[in-house]
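Q: For the record, the sequence lines run as chains A and B.
Following our numbering, the residues of the first sequence are numbered contiguously, the last one being 133.
Following our numbering, the residues of the second sequence are numbered contiguously, the last one being 133.
Worth double-checking, as some hints may not be accurate.
A pair holds if it fits inside one copy or across any two, identical chains being indistinguishable in the list.
What the hints assert, rightly or not - Computed list of lysine-lysine pairs in PhoX-like fashion (alpha-carbon distance at most 25 Å, straight line):
hint, residue 1, residue 2
1, 132, 105
2, 38, 9
3, 44, 76
4, 44, 87
5, 124, 9
6, 70, 85
7, 44, 113
8, 70, 18
9, 44, 85
10, 132, 18
What the hints contain is simulated information worked out from the structure, not anything from laboratory work.
Here the structure is a predicted model, which is why all the values come from computation and not from measurement.
2 protein chains.
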Amino acid sequence: MKLLASLTLAAVVSTLSVPAMAQFQKPEDAVKYRKAALTVMAAHFGRLGAMASDKAPFDAKVAAENAAIVETMSKLPWAGFVAGSEKGETRAKPEIWTDGAKFKKASEDMMASVAQLNAAAKTGNLDNLKKAFGESAKTCKACHDAFRKE
Amino acid sequence: MKLLASLTLAAVVSTLSVPAMAQFQKPEDAVKYRKAALTVMAAHFGRLGAMASDKAPFDAKVAAENAAIVETMSKLPWAGFVAGSEKGETRAKPEIWTDGAKFKKASEDMMASVAQLNAAAKTGNLDNLKKAFGESAKTCKACHDAFRKE
Chain A
-16 MKLLASLTLA AVVSTLSVPA MAQFQKPEDA VKYRKAALTV MAAHFGRLGA MASDKAPFDA
44 KVAAENAAIV ETMSKLPWAG FVAGSEKGET RAKPEIWTDG AKFKKASEDM MASVAQLNAA
104 AKTGNLDNLK KAFGESAKTC KACHDAFRKE
Chain B
-16 MKLLASLTLA AVVSTLSVPA MAQFQKPEDA VKYRKAALTV MAAHFGRLGA MASDKAPFDA
44 KVAAENAAIV ETMSKLPWAG FVAGSEKGET RAKPEIWTDG AKFKKASEDM MASVAQLNAA
104 AKTGNLDNLK KAFGESAKTC KACHDAFRKE
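Using the sequences and the hints, build the whole thing.
A: Spelled out as structure tokens, the structure:
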């Protein structure tokens, strides 16, 4: 059953449009990598959030730069959810490996919304950014609620 | 003197071609961010290294994807070396803040070599990749030797 779950996730991950497949020596390396990718993404997403919520002045160039980084980063973490990396210093829930199809859908929703966020940021219009940021934030939250421990 | 060093680094950092300036709530956030950016960069750089050293089969597409990510990541860590972030869970040496000009040069050398690595990877030629990888690795090592604790 565990093997089946692993194989299923491997199949799921291999169909994600990640730019580079994982090659981690140890599961801990995969955990460290995916957390790092999410940390970088969160930092740049947060800067967009500050502008989207009027807590920071809107700067179209800075918004576009941050959104481009967010989109690049959005494709990376998934390769780090390899079999055997559900243990250790991670808040990943077991459902990532036992319900791979749902996890894949959540990751795809996030990547799609972030691609739209990047497109919105490129328009240089704050209202577009606000709307797209809100949609993206929903996909972050949905995945965290389902697949991340408190 | 400490203020002067901070101001000097701030001036240095502001001239780096980073795509998004830092806005960290706490110095620890800056430390976490720069380490995360370097972790992601190292993972993808390592995959290029495996191909460059014939430990992994050469795949031009995978090499180009990894090199593109490395170049994107190479621009990010510097914004995390903010004043006050020389303490805590970091191997950063104080020289980063006391010899900002040298640190800036080291960061520029790395970014330049990584841009060349990305260009080399795009040629789809393994010999080009090997040469450019070697040059990039030197700039990593030079900065680590000077500015990272063992």
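Q: Indicate which option fits the pair residue 132, residue 18 if close means a Cα-Cα distance not exceeding 25 Å: within, between, both or neither.
A: Intra 14 Å, inter 23 Å, cutoff 25 Å: intra and inter.
Q: How would you classify residue 44 and residue 113 at a CA-CA limit of 25 Å: within, between, both, or neither?
A: Answer is within; shortest intra-copy Cα gap is 15 Å, inter-copy 36 Å.
Q: Between residue 38 and residue 9, at a C-alpha cutoff of 25 Å, which is it: within one copy, between copies, both, or neither?
A: between (41 Å within a copy, 17 Å between copies)
Q: Evaluate residue 44 and residue 76 at a C-alpha cut-off of 25 Å and name the case that applies: within, between, both or neither.
A: neither (37 Å within a copy, 33 Å between copies)
Q: Checking residue 132 and residue 105: alpha-carbon separation at most 25 Å within a copy, between copies, both or neither?
A: Intra 34 Å, inter 40 Å, cutoff 25 Å: neither.
Q: Between the shortest in-copy and the shortest cross-copy C-alpha distance, which are at most 25 Å for residue 44 and residue 87: within, between, both, or neither?
A: For residue 44 and residue 87, the Cα distance is within 25 Å only across copies (24 Å; inside one copy 32 Å).
Q: Between residue 124 and residue 9, at a C-alpha cutoff of 25 Å, which is it: within one copy, between copies, both, or neither?
A: Classified as between: cross-chain Cα gap 24 Å, same-chain 29 Å, threshold 25 Å.
Q: Using 25 Å as the alpha carbon limit, work out where residue 70 and residue 85 are close: within a copy, between copies, both or neither.
A: Intra 20 Å, inter 41 Å, cutoff 25 Å: intra-copy only.
Q: Are the CA atoms of residue 70 and residue 18 at most 25 Å apart within a copy, between copies, both, or neither?
A: both (13 Å within a copy, 22 Å between copies)
Q: For the identical chains here, do residue 44 and residue 85 meet the 25 Å Cα criterion within one copy, between copies, both, or neither?
A: Result: close neither inside a copy nor across copies, 35 Å intra and 29 Å inter.
When the structure is compared with the earlier hints, violations turn up for hints 1, 3 and 9 and for no others.
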